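Here's the letter readout for the chains.
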Amino acid sequence: MLQIFKSEFLRYRTWTLLAMVAVLAAYAFLAKLFPFLSAPPEMTAISYIVAVGGSLAFGLVQMLLHRRANHWTYLVHRPLEPKQIYFGLSLAGMLSIALVLVIPWLIMVVGIDAFTVTVVDTRHYSYVLFMVFCALTGYLVGSLTALNPSKGSILLAILLLIIMNPRPSNDFAQFAPMLVVLAVLYALNIVSFKPDLSTHVRKPWAIALMALPMCYALTYGLAMSTLIYYHIPRFIMGTHPDNNPINGTVEFIWSLKGADRVAYALEGSDNGNADFYAKQAELAEEGWISTSAWTYPRRGQLHTQDAQYALTPKGTSDVWQFSHDQMLMIGHSRIGQKPLGAIGMQGFIDSADDATDADRFNTVPTMVGEKFLATPEVIYQVNFAERRLDIKHAPEAGEHYIGRPQMGENYVALVTNKHVLMFDPHQVADEYEAAVPEYVIEHPVPVSIIASIDTYRLVDGYLLTYYGPNFFGFDQPGSMVMHAKLGGGVEVINARHYREQRHPAWVRHFMEKISPALHVMDNAYLSSVEPTNADYTSPSELLAREYPKPIYWMAGLLMLVSAAVNFLLSRRHGLSRAETVTWTLLGACLSVPAVVAFLLMHPWRREALDT
Amino acid sequence: MQNCIETNDLTKRFGKKLALKDFTLTIEQGGIHAIVGSNGAGKSTLFRLLLGVSTPTSGTARLLGADCRTLQPEIRGRVGYVNEEHTLPLWMKAKEITAHQRAFYPKWNQKTFESVIGYFDVDQNQKVAGLSRGERAGLNLSMALAQSPDLLILDEPTLGLDVVARQSFLEALMFTETEANTTIIYCSHQMEEIERVADRLIIMERGELKNNSSPDDFVERVSYWVAEIPSGLPDKGKIPGYLNARDIEGQCHILVADQGNDFGDFLKKNGATAVARNPVNLERAVNAFLTKNHSAPDSRA
Amino acid sequence: MSVSNVKIQIVTGDSRPIFKQIVDGVRMEIATGGLPVGTKLPSVRGLAMQLMINANTVAKAYNELTAQGLVEPRQGLGLFVSEPRQLLSEEEQQKRLKSAVDNLVNEVAYLDFGSEEILREVQKALTKLDGAPGTDDRD
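Protein chains in written order, with this note's numbering: chain A, 91 to 701; chain B, 364 to 664; chain C, 5 to 143.
Just chain A, same shape as in the assembly (with noise of 0.2 Å):
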């Protein structure tokens, strides 16, 4: 086993060795463009897209070199078990690519660390592990790609979307989904690595470990598939409602331009004054607040998930970051990189050396602008000039802000929980005084409904259109459209339900259909690990909801048509009883994808069954 993983370590150790000064020099060039630890977005991705693609693309051809006929039997053929051997390789292949990874990362945040005041955190290096793991991860899914006959192993990339895509609201579970992931992969790895590469694995909890995400990826693929025989056919005979929107659904709303949009969120009312409103918002000025919820920051995330790096106050060469280790603003001055003292949560320090416990801030405000700092619930104003920092705005007890304060050309918008605020904006400019909103609106529905919201200026306040696909409960869109008035009072105009639907409904669920299983299951991971989101729906909310009842039976049906599917294809492929037991529960558990899957996952060829 050592002996093996010495061998294929040498293999690679120049390659190692010149991916490492390759990426050292493009850390080097990149730190002149941009501050180091504030890479673009872009920057980010192009990063991620180099580090899991390069490894994916090292572990599939790793072990292609290996599998060719004589190699592979040279390989193979030594006393010694299939997966010590597999152990060697991917032992020397995963700390080359840590090696590639981590050496160049240290070199840099080291540096910045030890020469320069920039902060520096403890995410700041372990960020190096999240990369690793992610490159492991698409190694793990590159080597298994090459070992395993099944068409679909690619499939499991899906599993780096999974560890890479949310912003999980702690570091377990940041960590612990992606070391499941490496330990799933890595296990798939070995039962793969078998003297003969051309056989499928057969152990029940390999299958079952092989299908849950290949068919989780494939729920993606076949919804997909409507493109085929829904959408692109629908567009070609014109009456796809995305250039022929449908008048009586919600969204129809998205084709109208200004005051038409209130004209038919009106339309129906039996308001004496929405004749009136309607003509006044002809002539208002249009505006728009976005309600979808913000994740705010969390203590030590990810800081290439920061959504500012600095405060860096106009006219001066002041920068000043937020240290999540020391829950503190630290500031430096870019000339001759002079220590400005640190900002707390009661205000200015001279040093961050003398800030006290209370000084500490108790969640990690996200930098808005050139001088404010929000978390849920306060907005604070920095006075750089005169070293203050004041309250800009408290929501009430019990209500927090779920989104940053928006910024329009006649107002400054904040959506809470509970409320949309609207403030002067020359107000919220000002230095000195607290903030205190125009209007107060509540939120006629949840908020998490609420897909967004129009507002029209009037003479005398603002009109503003709610609407939303769910709006009057799950499946039921409707609008609604309101008066708020100078000086307080909210007036209902109309609320309007719409009938018609822009797709039909097995389109519309169409992952709840062809995998209730698969759907719950996502949206409860996604839920558990980003709380916040509200894109991720949590089980408890989905199995409340009223879906038609001929998503049911389909549902259930295609369900029930898949078991027995799986059944007859095991039977057809002559597999043993563990194996079909297996291939009928996944059927009736995940549905379709466990079809596509099984299919995936056995010989194509009629010669292959006739043993």
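One should not assume that every hint holds.
[Stated by the list, open to error] Below, a sample of chain B positions facing chain C; criterion: calculated Cβ distance under 10 Å:
{"#": "1", "residue": "F377"}
{"#": "2", "residue": "P452"}
{"#": "3", "residue": "F467"}
{"#": "4", "residue": "S577"}
{"#": "5", "residue": "N644"}
Calculated directly from the structure, the hints in this document are not laboratory data.
These numbers were taken from a predicted model, which means no experiment stands behind them.
Here a beta-carbon is modelled for each residue, glycine too, at the ideal position from N, C-alpha and C.
For chain A, the structure is supplied; the task is to place chains B and C on it using the hints.
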């Protein structure tokens, strides 16, 4: 005594192609067994099945008594395998790879290694990529023999070697003093080599076993007849033991298998005016077997 | 009692198997006096290495030579050229003589020699054979 190799109705199918067909072969311990067959006769498939890197469509294969589908490291340690490419890690130095290999084999015999490598001029500090084909073959054979295997499978080991390297290879293979009574399976296209080294001659043709005997007994099986047949050769399907026939200046030169002198009478009965029996050498006899179906595609079925 | 140099060559691709070529070669060496009685033959391994052939083939040839009575083993010492004695049956001898004559006739038939001349040469060769030590009672 346990057989080195034992296959029973071994069949391997690749798509529509049958690479091995009901292949039943027993190889006892000891001696050098040459395997001959044209390209695609199923030799490599047989070795792949024996080493467990391929799974039979049906039938069984046993290596040193163990099922080839589930070979344990212990059995693998007792079976050496050398392929025609002499696959070795190109990036390692000769001495590194020797140390590497030595670590795996408990029965490693350094004396054997040194005596075999002595036949070849291998610089131990050279990387494998820099070795000539002959040196690589030598290094490979040295390591294979030093493992003191009970069974050594050599798949066309002298392919592409020059005369000198080939001679060294054969000498080293045949005359290295080893404690182990190694059974050697030697697969080659070189009839001259086979004549010199083989105790047993195994002939494969289109996935089937055609012969398993000593080379001398095999030559005995083939007879070579020259006949003048004015009426022309009878239908090939009707000639007993027919292997191949050629018309040379009006005379029929016929090679047949397993026929006695009464084959002359058969020819006379079928219109031959003059019949003579010629001696035949190993190469010709083997070629006759291997080309049997190729020269007479109409006589199959 | 010295180990002799066996001056035989083997040819691959011949219609005679290699072991037969060794038997023939050694027999000829003995007949022509190249290997006098009492000479020790090379060991099996030695001859195999000399000829670059499988030792089992040499062993097979030595067995054949022993069976024909041309050589005899001495316990632990090896094989030695023996006093000639006939082990072959009358019938076998007749058969071999006929085969040898056939071969000879076949070879000389197309040469421009008369029977007289050929017989004379054969006579000469046989006389030389008779003169060789240890082959007195051969005809």
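Going down the list of hints, with the structure as the test:
no.: 1; hint: F377; in the structure: violated (35 Å)
no.: 2; hint: P452; in the structure: violated (32 Å)
no.: 3; hint: F467; in the structure: violated (30 Å)
no.: 4; hint: S577; in the structure: holds (9 Å)
no.: 5; hint: N644; in the structure: holds (5 Å)
Hint compliance for this structure: hints 1, 2 and 3 are not met, and every other hint is.
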